[in-house]
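S.K.: Spelled out, the chains give:
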Amino acid sequence: MANQRRLINTLIFVLLLAGSVIMLGPLVWTVSTSLKTQQHVFDVPPQWIPEPLTWLNYKDVWSKAPLLYGFMNSAIVVVCVLTVGLFVAAMAAYAFSKFEFPFKEWIFMALLGTMMIPYSVVMIPQYIGFSELGWVDTLAPLIVPGLFGNIVTIFFFRQFMQGSIPNDLIDAAKIDGCGYFRTFTTVALPIAKPAIAAQAALGFMGIWNDFMGPLIYLHTPERQTIQVLIASMQSNYISTSNYPSLMAASIVALVPVVIVFFMAQRYFIESMAISGIKG
Amino acid sequence: MKKTITGYRRKEIIWSLIFVTPPVLGFLIFGLAPLLTSFGLSFMTWDMLTPSKIVGFDNFHYMFNDEKFYKSLYNTFFLLLGIPLGMVISMILAIMMNRKLAGISIFRTIYYIPVISPIIAVSLLWQWMLNYDYGLVNEFIWKVFGTQGPNWLGDPNWVKPSFIIMGLWGGVGGTMVLYLAGLQGISSSYYEAAEVDGATRWHQFRHITLPLLSPIHFYVVVMGIIGTFQSFSQMYILAADGGPEYSGATIVYYIFQEAFKYFNMGYASSVAWVLGILIFIITLVQFRLSKRWVYQD
Numbered sequence: 001m002a003n004q005r006r007l008i009n010t011l012i013f014v015l016l017l018a019g020s021v022i023m024l025g026p027l028v029w030t031v032s033t034s035l036k037t038q039q040h041v042f043d044v045p046p047q048w049i050p051e052p053l054t055w056l057n058y059k060d061v062w063s064k065a066p067l068l069y070g071f072m073n074s075a076i077v078v079v080c081v082l083t084v085g086l087f088v089a090a091m092a093a094y095a096f097s098k099f100e101f102p103f104k105e106w107i108f109m110a111l112l113g114t115m116m117i118p119y120s121v122v123m124i125p126q127y128i129g130f131s132e133l134g135w136v137d138t139l140a141p142l143i144v145p146g147l148f149g150n151i152v153t154i155f156f157f158r159q160f161m162q163g164s165i166p167n168d169l170i171d172a173a174k175i176d177g178c179g180y181f182r183t184f185t186t187v188a189l190p191i192a193k194p195a196i197a198a199q200a201a202l203g204f205m206g207i208w209n210d211f212m213g214p215l216i217y218l219h220t221p222e223r224q225t226i227q228v229l230i231a232s233m234q235s236n237y238i239s240t241s242n243y244p245s246l247m248a249a250s251i252v253a254l255v256p257v258v259i260v261f262f263m264a265q266r267y268f269i270e271s272m273a274i275s276g277i278k279g
Numbered sequence: 001m002k003k004t005i006t007g008y009r010r011k012e013i014i015w016s017l018i019f020v021t022p023p024v025l026g027f028l029i030f031g032l033a034p035l036l037t038s039f040g041l042s043f044m045t046w047d048m049l050t051p052s053k054i055v056g057f058d059n060f061h062y063m064f065n066d067e068k069f070y071k072s073l074y075n076t077f078f079l080l081l082g083i084p085l086g087m088v089i090s091m092i093l094a095i096m097m098n099r100k101l102a103g104i105s106i107f108r109t110i111y112y113i114p115v116i117s118p119i120i121a122v123s124l125l126w127q128w129m130l131n132y133d134y135g136l137v138n139e140f141i142w143k144v145f146g147t148q149g150p151n152w153l154g155d156p157n158w159v160k161p162s163f164i165i166m167g168l169w170g171g172v173g174g175t176m177v178l179y180l181a182g183l184q185g186i187s188s189s190y191y192e193a194a195e196v197d198g199a200t201r202w203h204q205f206r207h208i209t210l211p212l213l214s215p216i217h218f219y220v221v222v223m224g225i226i227g228t229f230q231s232f233s234q235m236y237i238l239a240a241d242g243g244p245e246y247s248g249a250t251i252v253y254y255i256f257q258e259a260f261k262y263f264n265m266g267y268a269s270s271v272a273w274v275l276g277i278l279i280f281i282i283t284l285v286q287f288r289l290s291k292r293w294v295y296q297d
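From first to last, the protein sequence lines are chains A and B. Letter by letter, the first sequence follows residues 1 to 279 of full-length UniProt numbering. Letter by letter, the second sequence follows residues 1 to 297 of full-length UniProt numbering.
Chain B extracted, bound-state conformation:
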């Protein structure tokens, strides 16, 4: 059928190409070209003022001997703890909301407001909430437990937990909506069948709900890791210069500092490439592993 009107086919191809040209151009100019440039830069030193110099693997050598690099890497991995915590909380919330109850849509909106709030406003808000002497959180700890709360943003051990708490507050609503959509997609016939077979509530959850939500678990984990590996803004606001003992700096924060504070464009590019490869490998492994546990119908 396609071969019958060749003139018409040609026209369709020409128009298709016109239609897809802008994103392809965007891809070439703002994606591929910078990617290749960045690769080249990672083997150079350049401060944007004096001429650039090719230094081979020196940048990588320096990186693997730089304590700050390891610290920022460790901090970034530490923040990943927020993902399972967030999943558990969001799933519980979604299950609670997945019933016919008055005011559910209002609850959904309330839990969603932190998700849409600008990260800068949220960071400032939590800076005040987590204030050591006058913050509401420590005030609450004092009232309930009768003890002085931690110096959240001033103590190297508590900076990352602070970020995780903030992330949970700002994130569970979004994940909850995903789980809610997933729950609503599960046919009730599964539960009816299980009930006939005498399955308990827990068994139903364990063997029906949990596995049938696995595409959503997968999505949340993949996106969560990619997102966490790129977190930056809250660190910029709450951990000036990396926070106490550099305990609040993430890799992207480290890259940002190297590039736009010290103008080590070459070195920053090499760190960015390490980050990019890390994300790529982790995502790839997850897709491989997903075949074993993600349920597809």
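This is chain A alone, in the form it adopts within the complex:
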């Protein structure tokens, strides 16, 4: 029995290892390609360790495309939307979970209903509206809608707050003379920290990796987000078959997300699991 168990465990380990090779292989291959010279990229059989090894492709994409601007623009959108958007969402979630007010359920259901609307339905009128305002080719169309709080986030926060903020604590704060807003900032927000961190991690990923919105609105290279710049790499900055530079560009787009992921891994995976089951 114990032997059989060990055998199964070994088998599973080997299978998972093989799967890991499939998962990581393409990424390793990308890194490897990005360090090759254009002459050696089509070598047959393929070489996993570049010979000669060069960093020139990274320099190349960095100097040819305004990637620094791309990073800045993406960062601006992320910071604005996350700071204001998460705060606003937490506020609304607090009201939905702890207060009684008229039409509460109706308002909540209406907000949830927006989840059903595909982006492609609203994107055209939104584009028309923003172009009337003269906001096309600025970051505003990507930031402003995010400032009003995202319903998925509100839903997630509400679930969390219902379960983990004791009503007694809110009452105690009230008795101590704490106003509604202060109770929210000093009692609710600190307790909701893990939920906020989880949503911040997910939100970062979503905004940083967003493509369609930025693609529609941003035209001047210096105003584009990193994803749009990388996507236009082939057509605008380097030749199509210049795979080393292309792979260097994808690594550049990939690295920040992977770093944030490793820093906040726990929040990522847990919140994915939680929102999956409860949503």
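Hints were generated in silico from the structure; no laboratory data involved. You can take every hint at face value.
In silico lysine-lysine, DSS-like type, Cα no more than 30 Å apart, as pairs: (1) A:Lys104 x B:Lys291; (2) B:Lys68 x B:Lys53; (3) B:Lys261 x B:Lys71; (4) B:Lys261 x B:Lys53; (5) B:Lys53 x B:Lys71; (6) B:Lys68 x B:Lys261; (7) A:Lys193 x A:Lys174; (8) A:Lys64 x B:Lys261; (9) A:Lys104 x B:Lys11; (10) A:Lys193 x B:Lys11; (11) A:Lys174 x A:Lys104; (12) B:Lys11 x A:Lys174; (13) A:Lys104 x A:Lys193.
A quick note: this is a predicted structure, and the numbers were derived from the prediction, not measured.
Given the coordinates of chain A, work out where chain B should sit on it, guided by the hints.
M.R.: For chain B alone, coordinates are given in the frame of chain A:
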């Protein structure tokens, strides 16, 4: 109890409304208003330069006679095949990971990295992996099977399978985490009872694990369909202008082209509405059907 302090109640209501105002405003400005505008637009033609014109059902008439529309619809439905494939693979992975084994958390992280990777980077990466002459995939096929692999992104028959493969690589890790959480929520007493009754491993899986995971199957199917129906970025990168014979264009890609390449704002809106209604109906049907097969405790 609530009626005793009316002044206090009023204050609570006022503060609640202040707290929920931003998302409600957001809903009105960026949700409801565009939704209604879009509905109106779908009965008009407008290129954002010349004045708009009301054309009744002409847009829909044109749509149902446009070959590209049907192709993009077909392509989108074809990509749904990735959902059951992904579910099977993720479930197997989750079951394998759901045991006390050294290094499990490292495996979990590895399988999850493609999930968080930007779709643009992933698309470029696969463009290179699936290169006909020098791609690693065809190199592998040549080595193992001794035959030339398909022209993945250049052959109309292989473009969609390419997208599915890419989607599986980038998606199974996320679904696996969901299944893993589901598995960990199943009480071991069920299995113990089944073992006492002499149930085989397969029976345990078939009659305990599978049904108890049904809320997760449901979630994955619903979200998978909604997600697939909105896929766009990988097509934009890998299937320029819809790919060979328009074999890589999805509905959203078609809408995008009509709206932001040709500036047919009215027509694009009508296609978007058809897509929206399609998603709505499919989701509704799934919720109806779910009562028959999704296990609720």
